[in-house]
Amino acid sequence: QKEVEQNSGPLSVPEGAIASLNCTYSDRGSQSFFWYRQYSGKSPELIMFIYSNGDKEDGRFTAQLNKASQYVSLLIRDSQPSDSATYLCAVKGVGGFKTIFGAGTRLFVKA
Amino acid sequence: GAGVSQSPSNKVTEKGKDVELRCDPISGHTALYWYRQRLGQGLEFLIYFQGNSAPDKSGLPSDRFSAERTGESVSTLTIQRTQQEDSAVYLCASSQGPISQETQYFGPGTRLLVL
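Line order of the protein sequences matches chains A and V.
Take 11 as the starting number for the first sequence in the numbering used here and just add one per residue.
Take 926 as the starting number for the second sequence in the numbering used here and just add one per residue.
Worth flagging that the hints you see were computed from the coordinates, not collected in a lab.
Every residue, glycine too, gets a C-beta built ideally from N, C-alpha and C.
If a hint is listed, it holds; no wrong ones were tucked in.
One side only, chain V facing chain A, incomplete, derived with CB under 8 Å: (1) A956; (2) Q966; (3) G967; (4) L968; (5) F970; (6) Y973; (7) Q975; (8) D981; (9) L1016; (10) T1028; (11) Q1029; (12) F1031; (13) G1032; (14) P1033; (15) G1034.
Please construct the entire structure, taking both the sequences and the accompanying hints into account.
Next comes the structure, spelled out in structure tokens:
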């Protein structure tokens, strides 16, 4: 079992719709959870991090964490073509430094 | 201030040669990470440096890979006797410290092609 799993996609949504990206992790002791966006040929850039159960909102983005289910998600409201990218889920465990990344989900937002 | 920089941006080498990749972290960042990203894949953790502590080398795939960092400055990743399977983008990231919530800032990467 991979430590951090994501559906590779591609996930295709129409412009203006909600895109829902999911991630599960195997280490129950994981403490911090990150979503990075990576455009083709570019480096990852942080969108959000979350470490408490529940929802965290930042503009059009909402991260959701359920530690009991070992599940973290990212919702993108009012999706735009510029949101088309690969979204990487990353998890930090006890000790706080080693970061495990998922393989990423490719998102296409159709105009 | 300046972000994380890496050099070279691209490197083409022949199988069996050694290569050295360089990373300049953001000034003041004590934590530095190296990752490998193969085409269409996620990021694979290689090594982590935190201040003057012993590095976490648990992600290095073989003894052909090594990395050094002097204090809280530049880091170099060396791959000896390169193999075609080493072809990938090598990403460096830095963060302010080891706290769990610290954001990592990535450099532009070095694209390595081993012929």
